[in-house]
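First to last, the sequence lines map onto chains A and B.
Sequence positions in the first sequence follow my numbering and run 1 to 212.
Sequence positions in the second sequence follow my numbering and run 213 to 606.
If you're looking for bench data, these hints aren't it; they were derived computationally from the structure.
Do not rely on the hints blindly, as some may be mistaken.
Okay, the calculated beta carbon distance ranges per label pair [as the list claims (entries may be wrong)]:
| no. | chain 1 | residue 1 | chain 2 | residue 2 | range |
| --- | --- | --- | --- | --- | --- |
| 1 | B | G402 | A | G23 | 36 to 46 Å |
| 2 | A | R165 | B | Q427 | 55 to 65 Å |
| 3 | A | G23 | B | Q427 | 37 to 47 Å |
| 4 | B | P529 | A | M1 | 29 to 39 Å |
| 5 | A | R52 | B | K590 | 36 to 46 Å |
| 6 | B | Q328 | A | R52 | 44 to 54 Å |
Subject to a maximum C-alpha distance of 25 Å in a straight line, what follows is the list of computed BS3-like cross-link-like pairs (lysine-lysine) [what the hints assert, rightly or not]:
| no. | chain 1 | residue 1 | chain 2 | residue 2 |
| --- | --- | --- | --- | --- |
| 7 | B | K413 | A | K205 |
| 8 | A | K92 | A | K120 |
| 9 | B | K233 | A | K207 |
| 10 | B | K413 | A | K207 |
Small disclaimer: the values here were computed from a predicted structure and weren't measured.
Heads up, the beta-carbon is just placed ideally off N, CA and C, and yes, glycines get one too.
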Amino acid sequence: MITVALPKGSLLKDSIAIFKSVGLDFSAFLDPASRQLQITDPTGTAQALLVRAQDVSVYVEYGQAQLGIVGEDVLREKMPKVARLLDLGFGKCRMSIAVSNQSPYQSVLDLPPHSRIASKSVRIAREYFQSIDLPVEIIPLYGSVELGPITGMSEAIVDLVSTGRTLLENGLVEIEVLFESTARLIAHPLSYRVNSDRLNDLVDKLKFTAKY
Amino acid sequence: MVNLTLPAGAKDLLPLDVAQKQWIESRLQTEFRAWGYHCIITPTLEHLGTLTVGGAVKLESVIQVDGSNAEILGLRPELTASIARAYASRIGKINSPQRLYYNDNVFRKLPSSNRQQEFYQSGVELLGGVGLLADAEILLLLAKCLESVNLPHWQMVLGDVGLTTALLNTFPSQYRQKIRQCIADLDRVGLLNLAIPDQLKSQALDLLDLRGQPQQVLDQVLALSWVHNLDAEISYLKSLVELLENNFPTPPVLDLSLLQSCGYYTGIVFEVVSGNYVIAQGGRYDQLLGLYNSQGISHPSIGFCLNLEDLHKVLMPTLPQEIDSSEWLVVAIAHEAIKHTFVYAAELRSKYAVSAEIELEFRDRSAVIAYGRSQGIKQIAWIGASGVIGTEQL
């Protein structure tokens, strides 16, 4: 049976909708009363795992799920060995650099060498500053990254921005967009190559739905 | 404080692990020898350059070791490079082909430090073997090896670096590397986002999807409007796949995007998949020996290697679950009987070719019997002070 890994959080609703459009109903995950982490579609043809967004690619890379939905930002951060099959278009956001609106640095090029940069996306942040040849100290955080500049711990942050409201409410401004991110359909490479459980039929249906 | 635990990624193989591993290895080696292959042992340590020159192994994945005279050495991450080095200067002067097999440990530095670092591999190299017969011999030998260990479900993914490279060469050279990378990584999204003309993008997407039942895939290649002059390569693959029929439990998947493991590969490449494991992989490498030869002379070659840990995991339910116990327990019932005990145990071993262990502690009768039963021992010989022997079935 095909197993798909679905991300908790902001991508979940759209992820469930796209599988529903190809006949797989995992909407039980949307029931707030449910604590189930593994469910089977009512037709008994596929099962789904509910995992943290950062863990989707892990389940797919190890082959515990043949398909998964994950943001481009997670793929760039974790560089998993998975097949990247479709840009699903939803979950649009951007990876940005932001500073306090009081900051003297209003562009990336203003940041002095050895600035402190707080981020959940350590690899993305490190690689970006390497690419512009600016030595920085990356401070890894797991959440509420906006507090970095607010408390004065860091000069800037590298973080995911969708509407920009969180930044605004915390007195931060974006000074650079590193890349745009949307949700991606990923697959376990071996399962995709050998077409186990007729995986490719499902992928073709999803391709058609996602209009590629 | 001195750390007396195992380093991350290392492990001990206890007697049962070894018994299971040898169960697999002995079957594979019997098969290798039946096809005329001979065992080769190369050193664990090589010059770093020897290991990486072929391009199959990244420098950062080699565990480096300081040699004398400021040489940098590395623990071998695979065997093919070492075997190519050993034979590159020799093979011109001796009869070819050379059929070689190995059963050795290899080492890899892996990004996540808790991952395994030492692995065991068993494989073959057919040096100086060229053409359809050599390719078919290697694939059929691999299938026989898997049959000899009763691997329940497996599927071969077969690619052809030569044909895929020919297809890639129809693209303008400035785009080739990027397209090749996307195809090797199965990165369809990346391919769609490449800044290349739409016509080329759609050709590259065709190439990415050339995968499936071999005849169908070859027909698809022939039907591609942008493909010309590949009739020889296509009919070669067709002949090869025909030779595999009835020898494989399921026909191979022909996958022209299979490039990831190439490095030094120049012709057919293949992986054997069982569940989520790659059990074996290999391919043809016609240029590799030339890298190690002082005149640059190469000999076309092909080989494969089985990943013993993964094979072990997949086969686990069918492997022996207990180590062989001794058949006899020889017990001295008094100090005066010790000498006779060793004599009788020696006689059992040499005359009857059975395994016999000696009771060490002068425990009482019921304790000895309980011990024997718990160990699965079949017979006890009680040796008296005058050398009198009483035997007892358990």
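* Under the criterion that the straight-line Cα-Cα distance not exceed 25 Å, is the pair K413(B), K205(A) satisfied? -> Measuring from Cα to Cα gives roughly 21 Å; hence the hint holds.
**Request:** Take a look at whether the Cβ-Cβ distance between R165(A) and Q427(B) falls inside 55 to 65 Å.
**Result:** holds (57 Å)
Proposed proximity, K120(A) with K92(A) (alpha carbon, max 25 Å): The given pair, whose Cα atoms are some 18 Å apart, holds under the 25 Å limit.
| field | Restraint check for K233(B) with K207(A), where alpha carbons must lie at most 25 Å apart | value | Since the Cα atoms of K233(B) and K207(A) sit roughly 44 Å apart, the hinted pair is violated (cutoff 25 Å).
Report task. For the pair we were handed, K413(B) and K207(A), check the Cα-Cα distance against 25 Å. Result -> Cα-Cα ~17 Å, so holds.
- Message: Tell me if the beta carbons of Q328(B) and R52(A) are separated by a distance inside 44 to 54 Å.
- Response: With Cβ atoms ~25 Å apart, the hint is violated.
### Whether the CB-CB distance between G23(A) and Q427(B) falls inside 37 to 47 Å
31 Å Cβ-Cβ, so the 37 to 47 Å window is violated.
Taking the Cβ atom of G402(B) and the Cβ atom of G23(A), is their distance within the range 36 to 46 Å?
violated (28 Å)
Legend entry - Assessment of proposed distance window 36 to 46 Å (beta carbons of R52(A), K590(B)): violated (55 Å)
Worksheet item: For the pair P529(B) and M1(A), does the Cβ-Cβ distance stay inside 29 to 39 Å?
Response: violated (21 Å)
Consistency with the previously given hints fails for numbers 1, 3, 4, 5, 6, 9, ordered from lowest to highest.
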